[in-house]
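Protein chains in written order, with my numbering: chain C, 6 to 289; chain R, -12 to 176.
These are calculated hints, taken from the structure and not from any lab test. Please read these numbers as outputs of a predicted model, since none were measured by experiment. Even for Gly, the Cβ is constructed at its ideal location relative to N, Cα and C. Please note that a few of the clues may not be correct.
[What the hints assert, rightly or not] A short, non-exhaustive set of chain R residues, derived as facing chain C with CB atoms under 10 angstroms:
1. Q5
2. A27
3. F42
4. R67
5. R109
6. E112
7. H122
8. F123
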Amino acid sequence: MMDYDRVYDLLGPYLDAELAPGQTEFVRSHLAQCPACRGELDGLAALAGRLSEYASAGQIGAPAELWTAVERRLDAGEGRQAGRGVIRLLRQPLALAASVALLIGAAVVFTVTLDRGARRADAAVIDYSVLMDGIVADVHGAIRRFLGRYDAQAIEPAAAPQVAPGLSFNLPPELPDGYRLVQAYRVRFGDSPGLAATYNRDGEPLFIILHDAKLNTNRGQSTRCMIGDLNGMQDQVGPWRLLHVMGATTCHCVLSTMPPGEGLEAVVRAIAPDVAAGEPHQMH
Amino acid sequence: MNDQELIRRCRERDRSAQRELYARTSDAIYRLLLRMTGDADDAFDVAQDVYVKVFAGIDRFQGDSDVTTWIYRIAINEARQLLRRRRRYGDKLREIQSAAVRETPADAATAAAVDVREALARLPEYERGLIVLRHFNELSYEEMARVLDKPAGTIASALNRARRMLRDVLDDRVAREAEDSAASGHLTG
């Protein structure tokens, strides 16, 4: 029994190869004759495997715009972060207060779930004005608004095909012209699952939206365009171009400042496997 | 450039040296923060705070530990402060929002990842930090002890406890899902 108690506490370090050689041998010989400890070790190994699987699915590095943000704050004066902490501290209760007020209003008659269901039904039409209005002044804010409007939840890129199995797409870690993947999101357009992803190159974002080709959209003043030999539609506000290119099942939307040349065509082809070269494309 | 030279130049506010120190450490620090907070926006914000503190406080770095360990220590403290603030002000809202999200069948395939993320979120901050440092940042017990400023001999038992807590949370979720599934089958079958 003494051995059992002692070994039980050594199983974690044994699994982590953190024991001294003598202790390792002691545990190994105990395991050979103790089914209970072998069972415990198997359980710990299974947990470690599960964590490892989760970790390897999310091996993404720091977003490229992080250094830009740090550098901006350093330029503004080092050591002033205390003020920012206060702002964040205030932001939480203010957000809480605003949201609680909204929830109280909804909760009088409906449950939170019913309210959410109603919002999701409204969201069956994708409203790109949420993204494009105000984009020139604050592109990051515009992207955040769009993600918030469509209930975005951060996901691991490897999980994207399971999140939206009806869509045809790639979300590579890096796109042509040096854009690096920052974060993938699950979004909901009504009951239709969609995806979004933010990329970044030297602090400049590129935003991708993927949705069912059959969904209705509100695109404002869209115009037809050619990107290489791809047909598409585009909305342009200032330097920002939101391009929509249809594949067989999926509409691939790319928001960027890229001109309609080879670079943008390469980006579309990188994310849209069902948009084959030379194939005629339906207008969106 | 070795660490000593890098730190010396960072103390002189040499921007290229600051960028180099950031480049050497930021992926690991961001990963730590992402797993600790469970939220990319929070991880982004906290990572900024960490590096501003690092460069503002580099004069106080004594050199008695590795500079990466020192940055890890700042990062884990910042993450724990955020979690405490979140608990104080935001938990109720998050619970309501989380409860309002209904999983669709398409979500089922990501359930394993969701399980782990949610289970981690239920651990107390210290235990979550132990799991993240060991399993996601792959620190040794000795490195963990330096980051957490704890005696090396306490890490093994604390990590054992954290793993058992995590396993209990995961088992509890599996059991609840099995119950829900059985109840659902009974109703529809």
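Can the hint on R67 of chain R be confirmed by a CB-to-CB distance to chain C that is less than 10 angstroms? violated, 14 angstroms
Close enough to count: is the Cβ of R109 of chain R nearer than 10 angstroms to one in chain C? violated, 15 angstroms
Minimum beta-carbon distance criterion (10 angstroms), F123 of chain R to chain C: holds, 5 angstroms
Holds or violated: is the Cβ of Q5 of chain R closer than 10 angstroms to a Cβ in chain C? holds, 7 angstroms
When the least beta-carbon distance from A27 of chain R to chain C is tested against 10 angstroms, hint result: A27 of chain R check passes; min Cβ-Cβ to chain C is 5 angstroms, inside 10 angstroms.
Hint validation: H122 of chain R versus chain C, beta carbon distance must be below 10 angstroms. Holds or violated? holds, 4 angstroms
Closest C-beta approach of E112 of chain R to chain C relative to 10 angstroms, hint status: Hint violated; E112 of chain R Cβ to chain C Cβ min 17 angstroms, cut 10 angstroms.
So, as I understand it, the hint says F42 of chain R touches chain C; can you test that by seeing if any CB pair is closer than 10 angstroms? F42 of chain R check passes; min Cβ-Cβ to chain C is 6 angstroms, inside 10 angstroms.
Hint violations for this structure: numbers 4, 5, 6, all remaining hints satisfied.
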